[in-house]
Amino acid sequence: MQIPIVEIYEIINKEARKGGSLISALEEIQTRYRYLPREALILASERLDVPLSQAYAVATFYNAFSLKPKGKHCFQVCVGTACHVRGSPQVLDHIETKLGLKAGETSHDHMFSLETVNCLGACALGPIIVTNGEYSGQMNAKKSDTLLRRIFRAEGLDKNE
Amino acid sequence: MSNINSSVELNAWRAELIKSYAPDRPLITVCGGTGCRVYGSEKVFNAFQEVISNQGLSVSLAYNVKETGCHGFCEKGPLVVIRPQGTMYTHVKVGDVPEIVTAIAEGKIVERLLYIDPQTDEVIQNEDIVPFYKNQQRVILDLNGLLDPLRIDEYIALGGYSALTKVLQSMSPEQVITEIKASGLRGRGGAGFPTGLKWELCRNQPGDIKYVICNADEGDPGAYMDRSIMEGNPHRVLEGMIIGAYAIGAHQGYVYIRNEYPLAVKHLIHAISQAEECGLLGENILGSEYDFRVQIKLGSGAFVCGEETALIASIEGHVGEPRPRPPYPSESGLWGNPTNINNVKSWASVPIIIDKGSDWYSSIGTETSKGTMIFSIVGNINNTGLAEVPIGISLHELIYDIGGGIPNNKAFKAAQIGGPSGGCIPAEHLDVPIDYKSLTSLGAIMGSGGLVIADEDTCMVDFARYFMKFTQEESCGKCVPCRIGTKAMLETLERICAGEGQSDDVEYLIEVGQAIKLSSLCGLGQTAPNPVLSTLQYFRDEYEAHILEKTCPAKVCKGLITYAIVAENCPGCMVCLRNCPSGAITGAKQEVHVIDPELCNRCGLCMSLCKFDAIMVT
Ligand SMILES: Cc1cc2nc3c(=O)[nH]c(=O)nc-3n(C[C@H](O)[C@H](O)[C@H](O)COP(=O)(O)O)c2cc1C
Ligand code: FES
Numbered sequence: 000m001q002i003p004i005v006e007i008y009e010i011i012n013k014e015a016r017k018g019g020s021l022i023s024a025l026e027e028i029q030t031r032y033r034y035l036p037r038e039a040l041i042l043a044s045e046r047l048d049v050p051l052s053q054a055y056a057v058a059t060f061y062n063a064f065s066l067k068p069k070g071k072h073c074f075q076v077c078v079g080t081a082c083h084v085r086g087s088p089q090v091l092d093h094i095e096t097k098l099g100l101k102a103g104e105t106s107h108d109h110m111f112s113l114e115t116v117n118c119l120g121a122c123a124l125g126p127i128i129v130t131n132g133e134y135s136g137q138m139n140a141k142k143s144d145t146l147l148r149r150i151f152r153a154e155g156l157d158k159n160e
Numbered sequence: 000m001s002n003i004n005s006s007v008e009l010n011a012w013r014a015e016l017i018k019s020y021a022p023d024r025p026l027i028t029v030c031g032g033t034g035c036r037v038y039g040s041e042k043v044f045n046a047f048q049e050v051i052s053n054q055g056l057s058v059s060l061a062y063n064v065k066e067t068g069c070h071g072f073c074e075k076g077p078l079v080v081i082r083p084q085g086t087m088y089t090h091v092k093v094g095d096v097p098e099i100v101t102a103i104a105e106g107k108i109v110e111r112l113l114y115i116d117p118q119t120d121e122v123i124q125n126e127d128i129v130p131f132y133k134n135q136q137r138v139i140l141d142l143n144g145l146l147d148p149l150r151i152d153e154y155i156a157l158g159g160y161s162a163l164t165k166v167l168q169s170m171s172p173e174q175v176i177t178e179i180k181a182s183g184l185r186g187r188g189g190a191g192f193p194t195g196l197k198w199e200l201c202r203n204q205p206g207d208i209k210y211v212i213c214n215a216d217e218g219d220p221g222a223y224m225d226r227s228i229m230e231g232n233p234h235r236v237l238e239g240m241i242i243g244a245y246a247i248g249a250h251q252g253y254v255y256i257r258n259e260y261p262l263a264v265k266h267l268i269h270a271i272s273q274a275e276e277c278g279l280l281g282e283n284i285l286g287s288e289y290d291f292r293v294q295i296k297l298g299s300g301a302f303v304c305g306e307e308t309a310l311i312a313s314i315e316g317h318v319g320e321p322r323p324r325p326p327y328p329s330e331s332g333l334w335g336n337p338t339n340i341n342n343v344k345s346w347a348s349v350p351i352i353i354d355k356g357s358d359w360y361s362s363i364g365t366e367t368s369k370g371t372m373i374f375s376i377v378g379n380i381n382n383t384g385l386a387e388v389p390i391g392i393s394l395h396e397l398i399y400d401i402g403g404g405i406p407n408n409k410a411f412k413a414a415q416i417g418g419p420s421g422g423c424i425p426a427e428h429l430d431v432p433i434d435y436k437s438l439t440s441l442g443a444i445m446g447s448g449g450l451v452i453a454d455e456d457t458c459m460v461d462f463a464r465y466f467m468k469f470t471q472e473e474s475c476g477k478c479v480p481c482r483i484g485t486k487a488m489l490e491t492l493e494r495i496c497a498g499e500g501q502s503d504d505v506e507y508l509i510e511v512g513q514a515i516k517l518s519s520l521c522g523l524g525q526t527a528p529n530p531v532l533s534t535l536q537y538f539r540d541e542y543e544a545h546i547l548e549k550t551c552p553a554k555v556c557k558g559l560i561t562y563a564i565v566a567e568n569c570p571g572c573m574v575c576l577r578n579c580p581s582g583a584i585t586g587a588k589q590e591v592h593v594i595d596p597e598l599c600n601r602c603g604l605c606m607s608l609c610k611f612d613a614i615m616v617t
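So the protein lines, in turn, are chains A and B.
The first sequence finishes on residue 160 if you use numbering that gives the first Met the number 0, and the numbering steps up by one all the way, no holes.
The second sequence finishes on residue 617 if you use numbering that gives the first Met the number 0, and the numbering steps up by one all the way, no holes.
The hints are simulated quantities; they were obtained by calculation from the structure and are not laboratory data.
In this text the structure is predicted, and so the values were computed from the model without any measurement.
There could be a bad hint or two in this list.
As the list claims (entries may be wrong) - Here are the simulated lysine to any residue pairs, SDA-like style, with alpha carbons at most 20 Å apart:
(1) A:67 - B:265
(2) B:265 - A:133
(3) A:97 - B:607
(4) A:141 - A:95
(5) A:101 - B:265
To be verified - Derived contacts from chain A toward chain B, CB cut-off under 10 Å, selection only:
(6) 29
(7) 31
(8) 66
(9) 68
(10) 70
(11) 81
(12) 88
(13) 92
(14) 100
(15) 116
(16) 117
(17) 135
(18) 151
(19) 153
(20) 154
Even glycine gets a Cβ: it sits at the ideal position worked out from N, Cα and C.
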């Protein structure tokens with residue numbers, strides 16, 4: 000994957016001029032590219048004058064940051080308490096089996112990422128799955144299957160075969 | 000909307016606004032909280048606007064449509080309330096909109112969308128008498144269903160910022176503190192520290208630079224009242240912060256808010272800029288000598304950042320690790336300056352106390368715990384939602400009168416109160432009043448109001464394992480007892496759930512748990528063992544069943560259950576066989592199928608698919 004170094008540098012520069020912190024610069028980059036390329040950490044540490052070790056510490060401490068690129072389709076399964084009690088572990092299990100991924104992983108072809116999140120504040124509809132930013136509520140293994148199949152079909156894949 | 004230069008001007012503007020905001024004017028409110036949005040409330044709102052403005056109907060309607068914050072009864076969303084009558088419609092879909100509008104025009108009611116009380120089968124028309132609302136006392140959430148959160152003028156028309164004018168016109172900072180102290184308000188972020196006293200400590204610190212912070216990190220997974228307040232009534236939080244900052248002598252405030260709450264962030268940013276435009280934030284607020292600004296800081300997803308010292312480190316741009324206290328933030332907080340940090344609900348209570356007086360506020364609640372508390376009732380409960388109640392009501396009232404009891408005729412097993420730092424309360428203690436003192440004596444805590452209901456199908460060992468996994472993952476790793484201790488406890492619990500428990504595991508869990516509580520650096524570690532210790536206190540028999548008999552009584556723990564076909568019920572329809580992800584089911588059409596326990600990964604898909612009750616768990 001081509002790393003857009005110039006663009007990243009501009010983001011960091013802008014934050015630096017605003018007097019912004021390392022975290023806000025990294026948040027900007029994470030939002031734009033959905034991960035923090037290695038180069039971004041190095042650039043941020045140089046431009047903002049913080050040790051690279053600290054940039055790495057911040058990048059690995061907060062859940063919002065990822066050091067690996069995310070897949071084209073991102074599934075987030077809520078594992079908050081309300082969703083847990085209503086059966087999110089079974090849903091997660093099922094999706095893990097279907098995608099052949101564990102939570103937190105991205106497929107080699109960068110097609111799918113599977114993540115868990117803690118409470119999205121929609122507990123009344125749990126278990127919740129967010130697919131590419133779109134919420135689906137009252138999930139179970141069967142409904143999650145339908146959800147997956149729709150995306151497989153759109154991508155011309157048939158994981159059932 | 001323009002800059003308001005004095006309290007007198009603001010009051011005059013309010014008087015003007017009230018004329019056009021008659022409380023009895025015809026109004027359709029659509030809940031636009033995060034929960035209802037997941038159900039599609041935005042589309043419903045748009046449909047109302049379209050139908051009413053197009054008037055493709057034969058009638059003309061002088062109704063306004065408004066998208067409000069969370070009404071609280073999330074279970075029944077999207078919620079639509081027709082005012083002033085207060086007719087409440089549940090699960091409203093786009094297709095229902097024309098029918099509702101026609102019914103309003105004809106003075107009728109759409110019966111099929113009304114709420115039906117599951118306990119009595121009674122159809123209830125009016126929002127106020129739905130048991131979920133009737134038994135609440137909505138003090139902080141009172142305006143959530145009425146306000147358009149994006150409009151400051153509505154908040155002002157409904158009495159907003161009148162507490163601020165009162166303070167700036169007639170109260171010294173000391174008087175404000177005295178009033179808050181007299182109200183008996185205790186911090187709603189978990190620890191329950193008296194708010195007025197905290198302000199006083201910060202005010203009395205030397206130094207010109209002081210800060211106030213609103214803690215909107217709301218990390219308890221399964222609680223979302225702070226989110227609903229910020230989404231539904233952001234100005235009340237700001238008003239509370241301005242008053243508090245005035246009392247303390249701070250000129251800069253921060254709201255530290257979770258990144259996972261995009262709508263709340265949006266509404267808050269909007270509210271801040273409106274308040275700035277009106278001269279309610281910035282220099283010389285309402286023409287006084289007083290300056291105050293508020294900035295937003297986004298949390299990046301770390302539970303421990305809700306802890307005050309970690310939160311401060313995070314705002315400073317560091318890794319969000321807590322540090323030992325003292326010094327407390329009121330002595331040395333943000334960039335080493337005296338800092339007062341309060342929870343969203345604490346800040347939101349302030350304008351109400353100033354407006355209605357400390358006597359009024361302290362008349363709600365119990366001897367030692369004043370005011371109201373908002374609970375998010377979730378899990379195995381009929382009426383999932385947010386309920387605001389006077390402190391001191393019983394858990395029984397909360398679960399049965401407001402929460403509507405347990406769905407599917409299951410039995411209540413336990414209520415986990417206080418989130419991952421809290422403990423569970425079993426059926427025998429349901430009548431206990433919910434206040435700081437009684438909960439602590441039962442091994443739970445008030446926490447920030449998360450209330451998760453577990454029914455008979457919940458395995459308490461697995462439940463405890465769940466919370467331990469959460470805190471173990473969220474432990475920042477700075478102190479050894481929390482980092483290693485939670486890991487050790489989690490591994491033990493995982494072993495027990497996998498059917499590999501050993502006879503001394505329970506003693507080990509208690510010993511390690513006590514040690515973590517005593518020796519951890521911050522509240523995260525000091526409370527992390529609570530869910531395990533309290534389930535051990537009340538459900539020790541379940542632990543013993545797992546460890547000694549190698550069974551999971553609730554049939555949840557995968558290592559201890561097997562799926563099998565009930566031969567007499569199985570018609571041989573092939574559905575489970577075709578869908579089994581591990582190919583563990585064999586058989587043929589119209590022949591009884593068989594599950595191979597070796598291949599079966601216990602996902603339970605077959606059970607959820609089978610229409611003939613032909614799958615059982617043992
Ligand atoms: C691990 C941990 C997480 C916390 N999370 C929150 C939170 O999400 N929101 C909150 O207001 N307080 C939280 N607190 C409590 C804060 O440290 C602090 O006591 C509180 O914000 C003070 O406000 P109050 O006096 O209004 O309650 C947390 C504490 C700990 C130890
Ligand atoms: S626990 Fe999943 S949305 Fe709250």
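Now the hints, each set against the structure:
At most 20 Å may separate the alpha-carbon atoms for a hinted pair to count; residue 67 of chain A and residue 265 of chain B exceed this at roughly 28 Å. Distance hint between residue 265 of chain B and residue 133 of chain A is fulfilled; the C-alpha atoms sit about 18 Å from each other, no more than 20 Å. Taking the CA atoms of residue 97 of chain A and residue 607 of chain B, the gap is about 16 Å. The hint holds against a cut of 20 Å. Among the hinted pairs, residue 141 of chain A with residue 95 of chain A is consistent with the structure: their alpha-carbon atoms are about 14 Å apart, no more than 20 Å.
Under the criterion of a C-alpha separation no larger than 20 Å, the hint pairing residue 101 of chain A with residue 265 of chain B is inconsistent with the structure, at around 33 Å. With 10 Å as the threshold, the beta carbon of residue 29 of chain A comes within range of chain B, its nearest partner Cβ sitting at about 8 Å, so the hint holds. For residue 31 of chain A, the shortest C-beta to C-beta distance to chain B is roughly 15 Å, which exceeds 10 Å, and the interface hint is violated. At its closest, the beta carbon of residue 66 of chain A sits 14 Å from a beta carbon of chain B; the interface hint therefore is violated under the 10 Å criterion.
Contact between residue 68 of chain A and chain B, as hinted, is not supported at the beta carbon level, the nearest pair being about 18 Å apart and thus beyond 10 Å. Proximity of residue 70 of chain A to chain B is violated relative to the hint, the smallest CB-CB distance being about 19 Å (cut-off 10 Å). Evaluation of the residue 81 of chain A hint against chain B yields a held restraint, the C-beta minimum of about 4 Å falling below 10 Å. For residue 88 of chain A, the interface hint holds, the least distance from its beta-carbon to any beta-carbon of chain B being 8 Å, beneath 10 Å.
Checking residue 92 of chain A against chain B by beta carbon gives a least distance of about 5 Å; that is within 10 Å, so the hint holds. Nearest Cβ of chain B to the Cβ of residue 100 of chain A: about 13 Å, over the 10 Å cut. The hint is violated. For residue 116 of chain A, the suggested interface contact is upheld, since its CB lies about 7 Å from the closest CB of chain B, less than 10 Å. For the restraint placing residue 117 of chain A at the interface with chain B, the shortest Cβ-Cβ distance is roughly 4 Å, inside the 10 Å limit, so the hint holds.
The beta carbon of residue 135 of chain A is positioned within 10 Å of a beta carbon in chain B (closest approach about 8 Å), and the interface hint is therefore held. Checking residue 151 of chain A against chain B: minimum C-beta separation of about 14 Å lies over 10 Å; hint violated. At a threshold of 10 Å, the smallest CB-CB gap from residue 153 of chain A to chain B is about 21 Å, leaving the interface hint violated. Violation of the interface hint for residue 154 of chain A is found here, the shortest Cβ-Cβ separation to chain B being roughly 19 Å, above the 10 Å cut-off.
Hints 1, 5, 7, 8, 9, 10, 14, 18, 19 and 20 from the list above are not met by this structure, while the remaining hints are.
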